[in-house]
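K.L.:
Make the full structure from the sequences, and use the hints.
2 protein chains.
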Amino acid sequence: MKVLIIGGAGMIGQKLAARLAGKGLPSGEISALVLHDIFKAKSPPGPVPVEAITGDIGDPAEADRLAALLPDIVFHLAAIVSGEAETDFDKGWNINARGSWRLLEALRKRHEESGGTYVPRFVFASSIAVFGAPFPDRIGDEFLCAPQTSYGAQKAMTELLVSDYSRKGMVDGISIRLPTICVRPGKPNLAASSFFSGIIREPLNGKEAILPVSQDVRHWHASPRSAAGFLTHAAAIDTARLGARRSLNMPGVSCTVAEQIEALREIAGNDVVKLIHSEPNEAIISIVSNWPRNFDPVRATELGFAAEASFHDIIKIYIEEDLSPAGGN
Amino acid sequence: MKVLIIGGAGMIGQKLAARLAGKGLPSGEISALVLHDIFKAKSPPGPVPVEAITGDIGDPAEADRLAALLPDIVFHLAAIVSGEAETDFDKGWNINARGSWRLLEALRKRHEESGGTYVPRFVFASSIAVFGAPFPDRIGDEFLCAPQTSYGAQKAMTELLVSDYSRKGMVDGISIRLPTICVRPGKPNLAASSFFSGIIREPLNGKEAILPVSQDVRHWHASPRSAAGFLTHAAAIDTARLGARRSLNMPGVSCTVAEQIEALREIAGNDVVKLIHSEPNEAIISIVSNWPRNFDPVRATELGFAAEASFHDIIKIYIEEDLSPAGGN
Chain Y
216 MKVLIIGGAG MIGQKLAARL AGKGLPSGEI SALVLHDIFK AKSPPGPVPV
266 EAITGDIGDP AEADRLAALL PDIVFHLAAI VSGEAETDFD KGWNINARGS
316 WRLLEALRKR HEESGGTYVP RFVFASSIAV FGAPFPDRIG DEFLCAPQTS
366 YGAQKAMTEL LVSDYSRKGM VDGISIRLPT ICVRPGKPNL AASSFFSGII
416 REPLNGKEAI LPVSQDVRHW HASPRSAAGF LTHAAAIDTA RLGARRSLNM
466 PGVSCTVAEQ IEALREIAGN DVVKLIHSEP NEAIISIVSN WPRNFDPVRA
516 TELGFAAEAS FHDIIKIYIE EDLSPAGGN
Chain L
216 MKVLIIGGAG MIGQKLAARL AGKGLPSGEI SALVLHDIFK AKSPPGPVPV
266 EAITGDIGDP AEADRLAALL PDIVFHLAAI VSGEAETDFD KGWNINARGS
316 WRLLEALRKR HEESGGTYVP RFVFASSIAV FGAPFPDRIG DEFLCAPQTS
366 YGAQKAMTEL LVSDYSRKGM VDGISIRLPT ICVRPGKPNL AASSFFSGII
416 REPLNGKEAI LPVSQDVRHW HASPRSAAGF LTHAAAIDTA RLGARRSLNM
466 PGVSCTVAEQ IEALREIAGN DVVKLIHSEP NEAIISIVSN WPRNFDPVRA
516 TELGFAAEAS FHDIIKIYIE EDLSPAGGN
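Residue numbers (the numbering used here), protein chains in the order written: chain Y, 216 to 544; chain L, 216 to 544.
Certain hints may be false.
Which copy is meant is left open, because identical chains are indistinguishable; a pair holds if it fits in one copy or across any two.
To be verified - Capping the alpha-carbon separation at 20 Å, the derived lysine to aspartate or glutamate pairs in EDC-like fashion look like this: (1) Lys531 with Glu474; (2) Lys383 with Glu299; (3) Lys383 with Asp303; (4) Lys383 with Asp305; (5) Lys383 with Glu301; (6) Lys306 with Glu536; (7) Lys324 with Glu301; (8) Lys324 with Asp305; (9) Lys306 with Asp271; (10) Lys324 with Asp303; (11) Lys255 with Asp486; (12) Lys306 with Glu327; (13) Lys257 with Glu423; (14) Lys402 with Asp279; (15) Lys324 with Glu277.
In case anyone wonders, no lab produced these hints; they're calculated from the structure.
P.N.:
Below is the structure:
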């Protein structure tokens, strides 16, 4: 099987690539792994031949180039992030929505050229940003998509396309709505959600971290390892089990910031927790108040998707996978 | 106020035009009414100056031409119907989705050229086709969109765009999900829903009608007069009352085919009902089994949208507005 990861240089793309290069896929042997991104992705070690190619899915010609590879499985992770899609309306819609559409169209063209025999699995990384307040205490599988960011609207729109192209048999698609991925390795960024990782990662690396919201903020998390697990499970699942609904809320851990901090204290001690400083930021407080707090992901759980059992586990995975022994990022 | 109806030659477009030309709008005086369609629309009588123009919103240049009119209110009713969107995938996506998107983009361009002062009201005729089975007994305002036709996916996608362009203040949009409109005047057509009108209209005109489904099929109806009423109400409403959710399930009448027939019997007598012949059609039975049966349209009702109280009223409106005294169609 030839596997293509679009967005292969990103944090989740790299976690997924490492997993595929190491463990492979339960549904068949990977003969080639292609990592596509705007920057050249690092190739993970392992027996699978990996090729890193560069290109911009905002470029109309790029989709045809990717479809010409005739991948059996496409992981579509590429996106302009939430904050940038909000400030650059055209760029967000062009890359996140039109780019995804062109990709489906290019795969459809190959499907038709093949006389209908080529039907790639298309795994789309959607997001809980498709939801918008007001929310029930736990968001169920039949709750409406009412995005309140352009990013969320672009994800919801791509889900509709994935679903309709799949219904027509042009691709075999599945959209998985990822929780906030925590603990993100690397440096803090300007995303409003950055602090959820920052308040764990920075103190574990001996650095101070700012908490811009109140400790009673509740949110929905899963580790980078779970994200890679969701994606590989989605690539291997029998999509007949999805019926007509090909978008799934992924499992996760719902916890408050206070519970995050308490878990950190239990794992790393009080001196580490003392590196977190509260500095309320009204802009971030306002954005975060519109974010989902908790889910009841019955369908995904029944279909075998699994996340961590607690925020403790999420911290331990960060320590195991991403914390360097020297304590640097 | 300049009002533009895109899809002005269609059945609902004509009902809306007649209403606007006669009663006007509660939110201000109409200085000009432009009816746009692929065929030249009939101009309704009344004091409002009406202009009928022709063009194809599948043509990329058409949206700019329409936006150049700088309408204060745009009613967007134009669409390839459900059946055709299902058989001609490209045409459906090009007209129903890309055509709507180009329209919003063209209006946004005028908005930006105006320095942000031009913010047209954009009333989008969506459909209960955005929903897909399985359904609860009554579909609530927070039920997911899971379309099972390309037409429904195109409507749901346009809703996302209307919502995001409105959130950004580029247009002031509202999407209203119309029930099946019944009793449609005119001739039977090939739509799977055609019989819901046919079993009333044909017998009232002394003609035989085929019932292709079982009498216990339940569905969601509103009259053409209600459709025009929903649209004018949506054009005049204070959209601040919608909050962040600009798509609304419209009210209607939920009844079974048996209840439709019983209402016809009470209004027109047994001899008229005898013109209905049962001829089960497996294809139609299968399609209709995936259609919504009943709604609980709390938000729309609170916002002042109103439909008929019973199917009796729906039949009486057809007799009053569309049944010619000679008994012909």
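K.L.:
Could you run down the list of hints and mark each one as holding or not?
P.N.:
Hints, one by one, checked against the model:
no.	hint	result
1	Lys531 with Glu474	within (15 Å within a copy, 62 Å between copies)
2	Lys383 with Glu299	between (33 Å within a copy, 14 Å between copies)
3	Lys383 with Asp303	between (33 Å within a copy, 12 Å between copies)
4	Lys383 with Asp305	between (29 Å within a copy, 12 Å between copies)
5	Lys383 with Glu301	between (32 Å within a copy, 9 Å between copies)
6	Lys306 with Glu536	neither (33 Å within a copy, 49 Å between copies)
7	Lys324 with Glu301	between (32 Å within a copy, 18 Å between copies)
8	Lys324 with Asp305	between (26 Å within a copy, 12 Å between copies)
9	Lys306 with Asp271	within (12 Å within a copy, 28 Å between copies)
10	Lys324 with Asp303	between (30 Å within a copy, 15 Å between copies)
11	Lys255 with Asp486	neither (39 Å within a copy, 77 Å between copies)
12	Lys306 with Glu327	between (30 Å within a copy, 17 Å between copies)
13	Lys257 with Glu423	neither (30 Å within a copy, 71 Å between copies)
14	Lys402 with Asp279	neither (34 Å within a copy, 45 Å between copies)
15	Lys324 with Glu277	within (14 Å within a copy, 27 Å between copies)
Violated hints, listed in ascending order, are 6, 11, 13 and 14; each of the other numbered hints is respected by the structure.
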